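Participant: So the chains spell out like this:
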Amino acid sequence: MVRRLERIAALWALLGGVGLIAIVAVTTTNVALFAADRVAALSGRAVSGIVGYEDFVALVTSCAALAFFPYCQVHTGHVRVDLFASAMPAALRRGLDRVWLVLTAVAALFLAGMMLQGLLESRDDGALSRILGWPVWPFYVPGILSLLLWAAIAAAQAAGRDQGRAQGREQSRTQAQGSGDG
Amino acid sequence: MGERELVGIAGLVVFFVLLMLRMPVGLAMLAVGIGGNYAISLVAPFLRFEPYLRGFKTLTWSTMASYELSVVPLFVLMGLLASHARLSRDLFNGVNALVGRLRGGVAIAAIGACAGFGAVSGSSLATASTMGRVALPELKRLRYDDRLATGSLAAGGTLGILIPPSIALVIYAIIVEASIIEMFQAAIVPGVIAVAGFALTIAVLVRVNPGLAPEVWQPAQPERRRAVLRLIPVAVIFGAIILGLGLGLFTPTPAAAVGAGLVLIYGIGLQLVTGDGLTLERIKASLLETAITSAMIYFILFGAEVLKGFFTRANLPTALADWAVSSGLDPWTILILMLIALIVLGCFMESLAMILVVVPFFWPALVQLNGGEYAFGDSAAFGMDSDQLRIWFGILALVVVELGLITPPVGLNVFIIASLARGVSMGTIFRGVAPFFGAEIVRVALILMFPALALWLPALLSG
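Residue numbers (my numbering), protein chains in the order written: chain C, 12 to 193; chain E, 693 to 1155.
A few of these clues could be false.
As the list claims (entries may be wrong) - One-sided and incomplete, this derived list gives chain E residues near chain C with beta-carbon spacing under 8 Å: (1) R714; (2) L719; (3) Y730; (4) L734; (5) Y744; (6) W753; (7) P765; (8) L769; (9) T945; (10) G953; (11) L980.
As the list claims (entries may be wrong) - Just so you have them, the derived chain C footprint on chain E, three or more residues with Cβ under 8 Å: (12) 706–713; (13) 755–761; (14) 984–998.
Simulated from the structure, these hints should not be mistaken for lab results.
For clarity, every value in this text was computed on a predicted model and none was experimentally measured.
Where a beta carbon is used, it is the ideal one built from N, C-alpha and C, also for glycine.
Looking at chain C on its own, in the form it has when it is part of the complex:
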């Protein structure tokens, strides 16, 4: 079950990655059209860019960003301060980690529930994106699914079956590349 969840999270993250690649493709095309417009302007002609490009980027990013959360949880990738970790008894550390995992699952479920209400309100209000005029509510759906998957993975890790593996992964990842800092 846990392994299946992990595989789903990896596939889900890759789908988010495909969304990023789509943004790269659309943006590069838009920049090329912008450059072509500059060249065409020399001969009095015009080339238009992609209408609603910024809308597209924002909508796809909303899906991609949340799609990354479950996979990050699989790898215990959310940063924490380890300053006093070595001074803690192992049992206390494990206990605290379990509590934070349960809280993570609760938080993800809370956010999913609130987002579902947001989806329903957005659909009832007929909310549209600014330039493209696309309905916004369908773009809530991948986000809600991502949050539910995130909650399921955190809950599975808290249940203990996966905690050791996740911690091992966290350690090897930190040693291999660091957790990123912006």
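Assemble the complex: chain C is given as a structure, and chain E must be docked to it using the hints.
Facilitator: The following block gives chain E in isolation, referenced to the frame of chain C:
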């Protein structure tokens, strides 16, 4: 001080306690933000909790659906694609071919390559990790002293946070509502000073003690030519992004997307021609690593948004600003105290989280100390208007945040280099980093004394 402010301070204390107990930073922000708002609704009933809670119906989605923030995963993707396409290795080998024949030159090449890779990855830890793997074996082969080899790489890794395009700069600009492009422009001269300062430090160290770098790299001519040739496309791609952003030709999101696209195409081309570029497996690995890093950043950004709402309702930033003005302390003294606080916090707190938590407190206080939002020229305590102040303070803040990455007891960059340099103790690396720390303090002093180092380029380019 009223009850709301007391709740705010209690929330701040609880937040730090939760961090010490290893709660994930984003979760701690979320928990304290929501819990704190509930506590405020008890002491100030007009700030009701239920309407606040209803805000979450749209907050999650609207935080993620931000065009401005889309730059974050795109820059992360670009850096990881560059790493998996082995551009970091080409970068190091190319710079090494240019300066490696000097005494200490390979360490200087590592600093140069760190600056180049730090620019595209936008992350200090990723830079230290990637360049550490590329440059450490070469430094070991040439019998560089462990202190110099590891110290220069740990210090060089810090360049990623400031040299544009940097994710930390984007986040800072969003918090204080500064122009991202102007922040990038402002970071160029301090970034160049850092590279020059580190290179000078290495040159002085090996001059004083030649035993630190006993062997000089003497490659065969064809090997050198090949390394320089492989550097050209990398330099063109990275240079186009940095210059395009610095000169204001691109805005950040298109720059990041086009950069990622160029690295992807070049990496696939490299694979087709040499068999050592981006395979499907490596692209997949880049996407999955992008997922981890981006989610980590987005969770902190979201948590910070919730926490900021709590502190604002608790009236804490305004109370701090009022205290700063009425304390009777000289504005410059308070500024230096703020920078020291950032260095101390940076010793044990993740840099992005620190910027998100601390800057919203410090910024209103600085504006008040400067004489208010509309102060300028001689009427302003720092001799500059608010727009210039937000740029100058941002550069100063990020430079000192960098210092936290190489300062005991945590020094994340030092940990990463220690994990790569088997058999070298943390103490040795911290001793190796010390001269570079000194160079950084000199840089902070220079930027403090001469704000034009940060402000000159944005003013010039904006006309």
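Participant: Are the hints correct? Go through all of them and say.
Facilitator: Verification of the hints:
{"no.": "1", "hint": "R714", "in the structure": "5 Å, holds"}
{"no.": "2", "hint": "L719", "in the structure": "6 Å, holds"}
{"no.": "3", "hint": "Y730", "in the structure": "13 Å, violated"}
{"no.": "4", "hint": "L734", "in the structure": "20 Å, violated"}
{"no.": "5", "hint": "Y744", "in the structure": "12 Å, violated"}
{"no.": "6", "hint": "W753", "in the structure": "6 Å, holds"}
{"no.": "7", "hint": "P765", "in the structure": "6 Å, holds"}
{"no.": "8", "hint": "L769", "in the structure": "6 Å, holds"}
{"no.": "9", "hint": "T945", "in the structure": "7 Å, holds"}
{"no.": "10", "hint": "G953", "in the structure": "4 Å, holds"}
{"no.": "11", "hint": "L980", "in the structure": "6 Å, holds"}
{"no.": "12", "hint": "706–713", "in the structure": "holds (count 3)"}
{"no.": "13", "hint": "755–761", "in the structure": "holds (count 5)"}
{"no.": "14", "hint": "984–998", "in the structure": "holds (count 9)"}
In summary, the numbered hints that this structure violates are 3, 4 and 5.
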